[in-house]
Amino acid sequence: MTKLRDGSEVASPVGMRALSAVLVSLIGAGCDSSAVPAGHDATPDELPRTCVAPQADRAGTDSLVDPLGTSRVAVTDTGPCTREYTLSSTAQLRANLPVGGVRAVQELAGPTLRTGHDLFDALYALALAEVRENSVDAISDWAFADGAPQPCPPGGCFETGRLWKYVWTRDTAYSVDLGLAALDPARARNSLEYKLSAPRAGGPEQIVQDTGTGGSYPVSTDRVVWALGAGTLLHQLDDTDRQAFSTRALAALRATVEHDRAVVFDSIDGLYTGEQSFLDWREQSYPAWAAADLAHIASSKALGTNVAHLRALELAASLAGEHGDAGESAPDAGWATALRERIRERFWIEDVGLFGTFVTGHLDPAPARQYDLLGSALAVLHDVATPAQAKRIVAAYPHVGQAAPVIFPQQQLTPIYHNRAEWPFVTAYWLRAAAKAQHAEVATTAMRSLVRGAALNLSNMENFEIATGAPWVEDGDYSGPIVNSQRQLWSVAGYVSMIHHTLFGLHFEDAGLRVSPFVPVTLLRERFGRSDSLVLNDVPWRDKRLTVVLHLPDEVGDAGRLEVGKVRLNGNVVDGTRVIAYADLDPTNRIDVDLVAPAASEAMTVSYRDAANWRAIFAPRVPAVTSVSGAPSGVALDLSPNGEDPGSIRYSVYRDGQRVATNLAGTTLQYVDTAASTMASPCYAVETCFTTTGNCSQRSRPMCWWGDGGERVMTIPASAFVATGGTASTQHGRFHYESWGDATHSLVVPSVQPTRTGPHLVQLVYGNGAGGTDTGITCAVKRVQIEDVASGEIVATGHITMPHLGSWSRWADSTFVRADLDANRTYRVTIDGAPTSRNMSAFSHFATYVGMGGAGGTFERVNIAELKLLAR
Numbered sequence: 001m002t003k004l005r006d007g008s009e010v011a012s013p014v015g016m017r018a019l020s021a022v023l024v025s026l027i028g029a030g031c032d033s034s035a036v037p038a039g040h041d042a043t044p045d046e047l048p049r050t051c052v053a054p055q056a057d058r059a060g061t062d063s064l065v066d067p068l069g070t071s072r073v074a075v076t077d078t079g080p081c082t083r084e085y086t087l088s089s090t091a092q093l094r095a096n097l098p099v100g101g102v103r104a105v106q107e108l109a110g111p112t113l114r115t116g117h118d119l120f121d122a123l124y125a126l127a128l129a130e131v132r133e134n135s136v137d138a139i140s141d142w143a144f145a146d147g148a149p150q151p152c153p154p155g156g157c158f159e160t161g162r163l164w165k166y167v168w169t170r171d172t173a174y175s176v177d178l179g180l181a182a183l184d185p186a187r188a189r190n191s192l193e194y195k196l197s198a199p200r201a202g203g204p205e206q207i208v209q210d211t212g213t214g215g216s217y218p219v220s221t222d223r224v225v226w227a228l229g230a231g232t233l234l235h236q237l238d239d240t241d242r243q244a245f246s247t248r249a250l251a252a253l254r255a256t257v258e259h260d261r262a263v264v265f266d267s268i269d270g271l272y273t274g275e276q277s278f279l280d281w282r283e284q285s286y287p288a289w290a291a292a293d294l295a296h297i298a299s300s301k302a303l304g305t306n307v308a309h310l311r312a313l314e315l316a317a318s319l320a321g322e323h324g325d326a327g328e329s330a331p332d333a334g335w336a337t338a339l340r341e342r343i344r345e346r347f348w349i350e351d352v353g354l355f356g357t358f359v360t361g362h363l364d365p366a367p368a369r370q371y372d373l374l375g376s377a378l379a380v381l382h383d384v385a386t387p388a389q390a391k392r393i394v395a396a397y398p399h400v401g402q403a404a405p406v407i408f409p410q411q412q413l414t415p416i417y418h419n420r421a422e423w424p425f426v427t428a429y430w431l432r433a434a435a436k437a438q439h440a441e442v443a444t445t446a447m448r449s450l451v452r453g454a455a456l457n458l459s460n461m462e463n464f465e466i467a468t469g470a471p472w473v474e475d476g477d478y479s480g481p482i483v484n485s486q487r488q489l490w491s492v493a494g495y496v497s498m499i500h501h502t503l504f505g506l507h508f509e510d511a512g513l514r515v516s517p518f519v520p521v522t523l524l525r526e527r528f529g530r531s532d533s534l535v536l537n538d539v540p541w542r543d544k545r546l547t548v549v550l551h552l553p554d555e556v557g558d559a560g561r562l563e564v565g566k567v568r569l570n571g572n573v574v575d576g577t578r579v580i581a582y583a584d585l586d587p588t589n590r591i592d593v594d595l596v597a598p599a600a601s602e603a604m605t606v607s608y609r610d611a612a613n614w615r616a617i618f619a620p621r622v623p624a625v626t627s628v629s630g631a632p633s634g635v636a637l638d639l640s641p642n643g644e645d646p647g648s649i650r651y652s653v654y655r656d657g658q659r660v661a662t663n664l665a666g667t668t669l670q671y672v673d674t675a676a677s678t679m680a681s682p683c684y685a686v687e688t689c690f691t692t693t694g695n696c697s698q699r700s701r702p703m704c705w706w707g708d709g710g711e712r713v714m715t716i717p718a719s720a721f722v723a724t725g726g727t728a729s730t731q732h733g734r735f736h737y738e739s740w741g742d743a744t745h746s747l748v749v750p751s752v753q754p755t756r757t758g759p760h761l762v763q764l765v766y767g768n769g770a771g772g773t774d775t776g777i778t779c780a781v782k783r784v785q786i787e788d789v790a791s792g793e794i795v796a797t798g799h800i801t802m803p804h805l806g807s808w809s810r811w812a813d814s815t816f817v818r819a820d821l822d823a824n825r826t827y828r829v830t831i832d833g834a835p836t837s838r839n840m841s842a843f844s845h846f847a848t849y850v851g852m853g854g855a856g857g858t859f860e861r862v863n864i865a866e867l868k869l870l871a872r
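For the sequence shown, my numbering begins at 1 and goes up steadily by one.
Calculated from the structure, these hints are not laboratory results. Please read these numbers as outputs of a predicted model, since none were measured by experiment. Some hints could be false.
Below, simulated SDA-like cross-link-like pairs (lysine to any residue); rule was C-alpha separation at most 20 Å, straight line [said to hold, decoys possible]:
no. : residue 1 : residue 2
1   : Lys391    : Glu350
2   : Lys165    : Asp239
3   : Lys868    : Thr797
4   : Lys868    : Pro835
5   : Lys868    : Thr744
6   : Lys165    : Asp280
7   : Lys165    : Ala198
8   : Lys544    : Asn589
9   : Lys391    : Thr605
10  : Lys165    : Thr848
11  : Lys165    : Ala186
12  : Lys868    : Thr775
13  : Lys165    : Arg49
14  : Lys391    : Arg340
15  : Lys868    : Arg783
16  : Lys868    : Gly772
17  : Lys566    : Ala186
18  : Lys868    : Gly710
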């Protein structure tokens, strides 16, 4: 008996290749006979360079059976090298599309996949078909030009999905990075360049931050993910196009980096502020109190967003050097090195082996014991994680159902969207991270998830409920996913990434093409056990074409991943680096890769949480500190029960970002911090953790002790300001300056003497009703400068962010500017609009936007009622 790779046995002494040859002679190769590859030992001239198919027994490779339904495919050969696939699914489809649960997919000129597994090959063809469906000549969105079509540049651009007809910065950038750069470089370039814009008043282009939380930038700052797509695209452009795009990219990156350095970089902490990348629906992944008080999100620091800033710095430095601008590139390179180290230091949580997803602000600077899949994957892929940390991250991140959720733990009483959800594009990045960390079982889980989602839904969907993998789960007020689009661009690109980048290991780099396939043994047994090779035909690289043949060994072992043996280009062995220079390629090329069984399989497990045990996947509800007061022996915190069974939880207390108490009983109503210095103003936050699973809540709103009666807070009312611009008003319940904030406006406090010497936080009380808390482009951002009156020295300067509040009658506290002040000195405080004090309405890209700050012109106004000095 001979055991095949799928685990079955046949009564034959022959090896796999001989067996396959017999099977092919009996059932046919499923392709024109000219497409059958020559023997592995054939001379280079005998090797076909396109239209290659494996020798395989395809019986039983046409279906996927799942609790949600069954997916099947029927195959028709429509030419020597092309097929038509008819896919069907009995699963419940979102919006009942495609109608009848049947979809035909025709292979066209371009890449084709031949693995001997019909359904697997068909799903790749489906992904390419959906790339074509998302390839458009015009885009539209209700928020721009009243939904009228806006033409793309010649060559077209990518829209974001069936339900999303626009080009969004993060969606486009992640999609180009994942796979679209190689498939259509011209369209990818147009889409990326569409997200560059000069200010309306003139100046260099910057990357656009789309509409978003509290009026967008600088609450959201992940526009720099553009660099991920741009860096990948550069490897797909020929010399002339590359020069033109890199020149424009460098100018935009440098302007963006310099602007962000002035506005959202915390020079003391060494990190960039701003909302999480992609996880931009506040109530889904932030505590409810922060979702209602957006200055905290604006001052928070997110793992994934900081990795995106790191990538922008690295690409700017690299392009500057490439353009012979070494002097200019040096500062950026140093900034990147420092940022990588700082991210690693500030977000790592040693006892769980993961990076926390964000730090919730100035007053609570510890990383939250919350985790997100995209940030974790990006930290691994861009070497923020050390190799040892990368292995721990991939092994430790919890999986639920059949996939990894994009956040963990899940939030109670919250609908399904980012919460309780799997997103295929994030799974694709997670797959890349698993491959880099060489964790074959996590990689297999991710691949299964991507295949399952596309097969059952006959499309690459936006997201799925995590426990079931369904595109919709009925759960009353928490049903969802709330929105779920077919052919979501980054999901489509994620499927392409699984095939090109991971399975076949095509890594386009500065030096050339590095070939490093990642084929998990478990996946091989499940999908490809009766095939002698895996073939990817006609992959484009600029004006060349590549056919990649992965030759599978007879014996594969029981676990782990196949190792890479020899790599041949057009029959000639590639040196040990496995890097193929573009200059060494013919117009059409064949790359043969010999895969061998791993010498030894390292024991690998996937961290699973039981979806039936809600404490295993959910976090406790968020606790609250109701008051902080001085006590004879320190500082006392009064706690409010969070609604959980007290016997199921324990409290932890944080002071100024340090955990000072753990394992407090769930019945605790007061905690006295006897180690706190009453000479300072300590700030506290509290979290609860389930005793059985260790899942921890989001932390409470930070609360500080500002001394008895709050004497450490100095308030200067707007009536004491000297105003240039704006109008004095007593509307909305208090005296303030309204319609203030144009470029020529300023507010000055001529003389203020603090009551204490030491570090202070400077803050404004403001009103911003220019838009809702969930969208817009008119977040207010102003510069604050503090000048020593006697010496004229500027002792502190920084930008204050004032997000939308939804109504002009609502008042809130801004973000902070830090200042070291002396009680024996007098200071002048000036609030104005520096050249860097821009929101997104300042950019030409938004000239057709229908909301405030769009077609009506730039809008940067805000109401100001008070200035506060908070002594720390």
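So, going through the hints one by one against the coordinates:
Using a Cα cut-off of 20 Å, the hinted pair Lys391 and Glu350 holds, with the two alpha carbons roughly 13 Å apart. Between the alpha carbons of Lys165 and Asp239 the distance comes to roughly 32 Å, so the proposed pair goes past 20 Å and is violated. About 15 Å separates the Cα atoms of Lys868 and Thr797, which keeps this hinted pair within 20 Å; it holds. Between Lys868 and Pro835 the CA atoms are separated by roughly 24 Å; this puts the pair beyond 20 Å, and the hint is violated.
At most 20 Å may separate the alpha-carbon atoms for a hinted pair to count; Lys868 and Thr744 exceed this at roughly 23 Å. Restraint check: the Cα-Cα separation between Lys165 and Asp280 comes to about 19 Å, which is no more than 20 Å; the hinted pair holds. Our distance criterion of 20 Å between C-alpha atoms is broken by Lys165 and Ala198, whose separation comes to about 23 Å. Between Lys544 and Asn589 the alpha-carbon distance is near 8 Å, which keeps this suggested pair within the 20 Å criterion.
Taking the CA atoms of Lys391 and Thr605, the gap is about 11 Å. The hint holds against a cut of 20 Å. Using a Cα cut-off of 20 Å, the hinted pair Lys165 and Thr848 holds, with the two alpha carbons roughly 16 Å apart. With a CA separation close to 19 Å, the supplied pair Lys165 and Ala186 stays within the 20 Å bound. For the proposed pair Lys868 and Thr775, the alpha carbon gap of about 28 Å is over 20 Å, so the pair is violated.
Between Lys165 and Arg49 the CA atoms are separated by roughly 38 Å; this puts the pair beyond 20 Å, and the hint is violated. Of the pairs offered as hints, the one joining Lys391 and Arg340 holds, with about 18 Å between alpha carbons and a cut-off of 20 Å not exceeded. Taking the CA atoms of Lys868 and Arg783, the gap is about 15 Å. The hint holds against a cut of 20 Å. This hinted pair does not check out: Lys868 and Gly772 have alpha carbons roughly 25 Å apart, beyond 20 Å.
With a C-alpha separation of about 34 Å, the suggested pairing of Lys566 with Ala186 is violated against the 20 Å cut-off. Between Lys868 and Gly710 the alpha-carbon distance is near 12 Å, which keeps this suggested pair within the 20 Å criterion.
The structure is inconsistent with the numbered hints 2, 4, 5, 7, 12, 13, 16, 17, although it conforms to all the rest.
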